[in-house]
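Asks: Below, each chain spelled out in residue letters.
2 protein chains.
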Amino acid sequence: MSKRYLNLVSYFAEGVKIVVSDSNSRPATVVQRATIRDVAARAGVSVTTASRALNETGRMSDETRLRVQQVAKELDYRPNSMARGLVQQRSFTLGLLTDDTYGRFTLPVAAGLSSAMTDRGVSVFLSAGEKEPKRMQLNLRAMEEKRVDGLVITGKRIDRQLPVDVSKLGMPVVYVYSKCPQGSIGFVPDDFNAAKNATQHLINLGRRKIVHITGLSSFEAAHLRKAGWLEALDENGLAPFAEAIFGNWTEEHGYKTAYGLFESGADRPDAIFCGNDQIARGVVDAFAHMGIKVPDDIAIVGFDNWEVFAKATRPPLTTVDMGLTCLGKSAGLALLDMIEGKPIESGLRKLNCRLVVRQSCGGEASE
Amino acid sequence: MSKRYLNLVSYFAEGVKIVVSDSNSRPATVVQRATIRDVAARAGVSVTTASRALNETGRMSDETRLRVQQVAKELDYRPNSMARGLVQQRSFTLGLLTDDTYGRFTLPVAAGLSSAMTDRGVSVFLSAGEKEPKRMQLNLRAMEEKRVDGLVITGKRIDRQLPVDVSKLGMPVVYVYSKCPQGSIGFVPDDFNAAKNATQHLINLGRRKIVHITGLSSFEAAHLRKAGWLEALDENGLAPFAEAIFGNWTEEHGYKTAYGLFESGADRPDAIFCGNDQIARGVVDAFAHMGIKVPDDIAIVGFDNWEVFAKATRPPLTTVDMGLTCLGKSAGLALLDMIEGKPIESGLRKLNCRLVVRQSCGGEASE
DNA sequence: CTGAAAGCGCTTACAG
DNA sequence: CTGAAAGCGCTTACAG
Numbered sequence: 066m067s068k069r070y071l072n073l074v075s076y077f078a079e080g081v082k083i084v085v086s087d088s089n090s091r092p093a094t095v096v097q098r099a100t101i102r103d104v105a106a107r108a109g110v111s112v113t114t115a116s117r118a119l120n121e122t123g124r125m126s127d128e129t130r131l132r133v134q135q136v137a138k139e140l141d142y143r144p145n146s147m148a149r150g151l152v153q154q155r156s157f158t159l160g161l162l163t164d165d166t167y168g169r170f171t172l173p174v175a176a177g178l179s180s181a182m183t184d185r186g187v188s189v190f191l192s193a194g195e196k197e198p199k200r201m202q203l204n205l206r207a208m209e210e211k212r213v214d215g216l217v218i219t220g221k222r223i224d225r226q227l228p229v230d231v232s233k234l235g236m237p238v239v240y241v242y243s244k245c246p247q248g249s250i251g252f253v254p255d256d257f258n259a260a261k262n263a264t265q266h267l268i269n270l271g272r273r274k275i276v277h278i279t280g281l282s283s284f285e286a287a288h289l290r291k292a293g294w295l296e297a298l299d300e301n302g303l304a305p306f307a308e309a310i311f312g313n314w315t316e317e318h319g320y321k322t323a324y325g326l327f328e329s330g331a332d333r334p335d336a337i338f339c340g341n342d343q344i345a346r347g348v349v350d351a352f353a354h355m356g357i358k359v360p361d362d363i364a365i366v367g368f369d370n371w372e373v374f375a376k377a378t379r380p381p382l383t384t385v386d387m388g389l390t391c392l393g394k395s396a397g398l399a400l401l402d403m404i405e406g407k408p409i410e411s412g413l414r415k416l417n418c419r420l421v422v423r424q425s426c427g428g429e430a431s432e
Numbered sequence: 066m067s068k069r070y071l072n073l074v075s076y077f078a079e080g081v082k083i084v085v086s087d088s089n090s091r092p093a094t095v096v097q098r099a100t101i102r103d104v105a106a107r108a109g110v111s112v113t114t115a116s117r118a119l120n121e122t123g124r125m126s127d128e129t130r131l132r133v134q135q136v137a138k139e140l141d142y143r144p145n146s147m148a149r150g151l152v153q154q155r156s157f158t159l160g161l162l163t164d165d166t167y168g169r170f171t172l173p174v175a176a177g178l179s180s181a182m183t184d185r186g187v188s189v190f191l192s193a194g195e196k197e198p199k200r201m202q203l204n205l206r207a208m209e210e211k212r213v214d215g216l217v218i219t220g221k222r223i224d225r226q227l228p229v230d231v232s233k234l235g236m237p238v239v240y241v242y243s244k245c246p247q248g249s250i251g252f253v254p255d256d257f258n259a260a261k262n263a264t265q266h267l268i269n270l271g272r273r274k275i276v277h278i279t280g281l282s283s284f285e286a287a288h289l290r291k292a293g294w295l296e297a298l299d300e301n302g303l304a305p306f307a308e309a310i311f312g313n314w315t316e317e318h319g320y321k322t323a324y325g326l327f328e329s330g331a332d333r334p335d336a337i338f339c340g341n342d343q344i345a346r347g348v349v350d351a352f353a354h355m356g357i358k359v360p361d362d363i364a365i366v367g368f369d370n371w372e373v374f375a376k377a378t379r380p381p382l383t384t385v386d387m388g389l390t391c392l393g394k395s396a397g398l399a400l401l402d403m404i405e406g407k408p409i410e411s412g413l414r415k416l417n418c419r420l421v422v423r424q425s426c427g428g429e430a431s432e
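Protein chains in written order, with our numbering: chain A, 66 to 432; chain B, 66 to 432.
Possibly wrong hints are sitting among the right ones.
For chains that are exact copies, the list does not tell them apart, and a pair is met inside one copy or across any two.
What the hints assert, rightly or not - Calculated lysine-lysine pairs in the PhoX-like style (CA-CA distance at most 20 angstroms, straight line): (1) Lys199 - Lys233; (2) Lys244 - Lys196; (3) Lys233 - Lys138; (4) Lys358 - Lys274; (5) Lys199 - Lys138; (6) Lys196 - Lys221; (7) Lys244 - Lys415; (8) Lys244 - Lys221.
Don't read these hints as lab results, they were simulated from the structure.
Work the whole structure out from these sequences, hints included.
Replies: Following this line, the structure appears as structure tokens:
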């Protein structure tokens with residue numbers, strides 16, 4: 066019972082053939098799809114013509130094209146993209162590599178990428194949850210064998226590379242929210258300007274004594290945000306009320322620091338720009354305990370727009386949205402351009418962030 | 066300049082050929098990989114033998130096998146899995162479909178799945194971030210064309226189905242953290258027993274007046290957890306201190322409910338089992354404001370082990386870990402069994418959860 | 001133990 | 001406008 070023969074078995078409703086396998090390593094019941102030969106035969110044309118009709122290429126009478134497409138629909142035809150990929154030397158497939166086991170950054174990026182790629186008919190392989198470099202390399206190899214057309218590499222901070230060797234990969238690579246090697250293409254949020262705008266927002270609301278509480282000084286993002294904060298102050302002729310305060314990216318850091326700031330009876334700030342939403346949450350909680358009113362006594366801005374924090378904080382946080390979804394989408398589109406051989410400049414793209422205004426600064430509140 | 070000819074162009078260092086394309090829709094510079102023909106030729110064997118040597122099948126002298134494998138390494142050979150897939154009628158590829166835009170549940174599931182599949186040489190396509198059913202269907206279709214061997218469908222609650230028609234898909238499907246249709250295979254956490262164990266934990270610590278504050282009553286999970294709570298009480302001859310309190314799955318619900326519970330000077334509970342970590346966080350915050358000590362005055366258990374909440378709460382939450390990563394892994398392995406035609410029983414699998422003990426209940430604390 | 005040949009399901013020069 | 005044929009890179013009966 067050859068496969069060729071199986072292909073000729075009578076059709077069921079939607080052109081799907083049910084077949085009993087003779088091999089014991091195969092499913093007992095397998096659904097055999099219609100092939101382009103089936104479509105061509107039933108439409109009374111050659112395979113060549115069927116292919117052209119289905120792909121909207123070549124010239125032919127509308128009648129023929131429509132008939133072929135109609136038959137394809139009747140048979141519930143699905144072109145086999147492995148066959149197509151083999152001849153076109155293109156798999157219409159991308160790989161997404163990440164070391165973010167937590168998902169905080171990866172999922173929005175993945176969603177933006179996946180969604181944009183769907184529109185262009187390309188699918189994306191996910192490699193997540195690998196902690197050891199060897200396993201990550203294994204995954205990369207699997208993607209090579211799958212002949213992905215390109216790779217997007219994403220991480221959990223903009224100043225670290227993934228532990229994979231991508232140098233002699235022979236396929237286009239794009240970096241997102243990850244360190245981007247010289248000569249490559251990368252996408253990151255514009256931390257500097259986001260911080261500057263957030264600070265300017267506070268200044269516009271009349272705040273003058275603006276403190277910056279942020280995360281670990283080993284993170285480049287922390288320094289960029291600090292620089293943006295300083296720049297906004299400077300442009301407005303303001304001196305920093307205090308040095309930027311580095312620490313963990315945690316609620317606890319925000320909480321304790323805010324407490325310390327107000328315990329000393331000294332001069333008090335009227336606003337705090339925080340390096341992330343968790344710190345901001347800690348800060349707000351501290352003030353709640355101390356009976357200090359947000360935003361009346363002090364205004365707070367966060368960073369990340371991690372909604373589960375930003376919205377749960379009382380009052381809800383005004384915070385910077387890094388646009389990770391958009392980052393994923395942009396990276397995918399750039400990758401597609403590279404794959405198609407379009408000329409594209411190397412370097413780091415810093416994409417605009419958006420300040421989401423809620424209630425923690427007073428002024429107008431959008432939510 | 067035919068492709069065949071390109072294949073014969075001289076080798077670079079690792080057997081990679083750099084080639085200038087003559088077609089304007091192709092990359093200007095493309096890296097051409099070595100094929101099995103190249104390996105066979107260089108090893109002085111037939112393609113058949115090369116294939117068998119590489120796949121560890123057939124009988125041949127160790128010398129031959131090793132020589133072929135050595136050559137493959139020299140040429141940096143990567144088998145083209147599209148070609149292999151075409152002949153084996155198997156893509157070694159899975160699809161992961163989700164409607165969880167938030168990523169709370171999906172990423173752990175995806176990581177567990179992806180990681181387990183890597184070990185078996187299968188890759189997983191991710192479809193995330195689609196809100197409209199039409200777009201999700203589009204994605205599903207793309208996966209059909211990619212000839213995925215199977216599909217895992219995951220969501221954000223166990224009592225809802227995704228808006229896709231999977232009935233006449235003709236490929237194995239497994240459900241994870243999602244409603245599982247009659248006759249299908251599904252994996253969910255064992256909410257009932259997890260809740261029962263969590264409650265038993267409180268009882269073992271000497272608590273007797275245990276309140277249950279949980280999420281929306283429209284969620285099946287809420288009812289299962291409530292039932293587990295009741296069962297544990299019943300087994301210990303305890304009556305519920307109060308009716309289960311449904312509400313939103315939010316901090317605010319926990320906060321307000323906890324406040325209400327203690328404002329009335331009436332009899333007070335000595336423990337609260339919460340339907341998720343956000344509620345628990347709200348509860349703990351309320352007690353902090355009221356000067357009620359956790360765990361001394363009252364013990365708290367959460368649900369989800371969402372670390373960014375559970376660990377940030379003061380004191381850190383004792384909470385149920387649903388084992389989503391394990392769920393993803395188990396689903397993948399089951400799917401592989403189905404794909405390989407192994408007999409497998411339909412129905413819902415309820416996987417064990419794990420109580421993670423921190424400080425919010427007193428007693429021994431592991432972290 | 002080893003290899004020539006057919007075939008997986010497509011696309012695409014090439015020829016009519 | 002249409003089709004026969006070659007070929008993408010593999011695996012696997014089948015035959016020696």
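Asks: At most 20 angstroms between CA atoms: does that hold for Lys199 and Lys233 within a copy, between copies, both, or neither?
Replies: within (17 angstroms within a copy, 39 angstroms between copies)
Asks: If the cut is 20 angstroms between Cα atoms, do Lys196 and Lys221 qualify within a copy, between copies, both or neither?
Replies: Result: close within a single copy only, 13 angstroms intra versus 25 angstroms inter.
Asks: Between copies, within a copy, both or neither: which fits Lys358 and Lys274 at Cα up to 20 angstroms?
Replies: This pair counts as within: shortest intra-copy Cα distance 16 angstroms, inter-copy 36 angstroms.
Asks: Within a copy, between copies, both or neither: where do Lys233 and Lys138 come within 20 angstroms Cα-Cα?
Replies: Between copies only: 14 angstroms across, 43 angstroms inside.
Asks: Using 20 angstroms as the alpha-carbon threshold, which applies to Lys244 and Lys196: within, between, both, or neither?
Replies: Close inside one copy (18 angstroms), not across copies (31 angstroms); limit 20 angstroms.
Asks: With 20 angstroms as the alpha-carbon cut-off, assign the pair Lys244 and Lys221 to within, between, both or neither.
Replies: So Lys244 and Lys221 pass the 20 angstroms test inside one copy only (10 angstroms; across, 32 angstroms).
Asks: Have a look at Lys199 and Lys138 and pick one of within, between, both or neither, based on CA distance no larger than 20 angstroms.
Replies: Answer is between; shortest inter-copy Cα gap is 18 angstroms, intra-copy 45 angstroms.
Asks: Regarding Lys244 and Lys415, is the shortest C-alpha distance of 20 angstroms or less found within a copy, between copies, in both, or in neither?
Replies: within (12 angstroms within a copy, 41 angstroms between copies)
In this structure, every one of the numbered hints holds.
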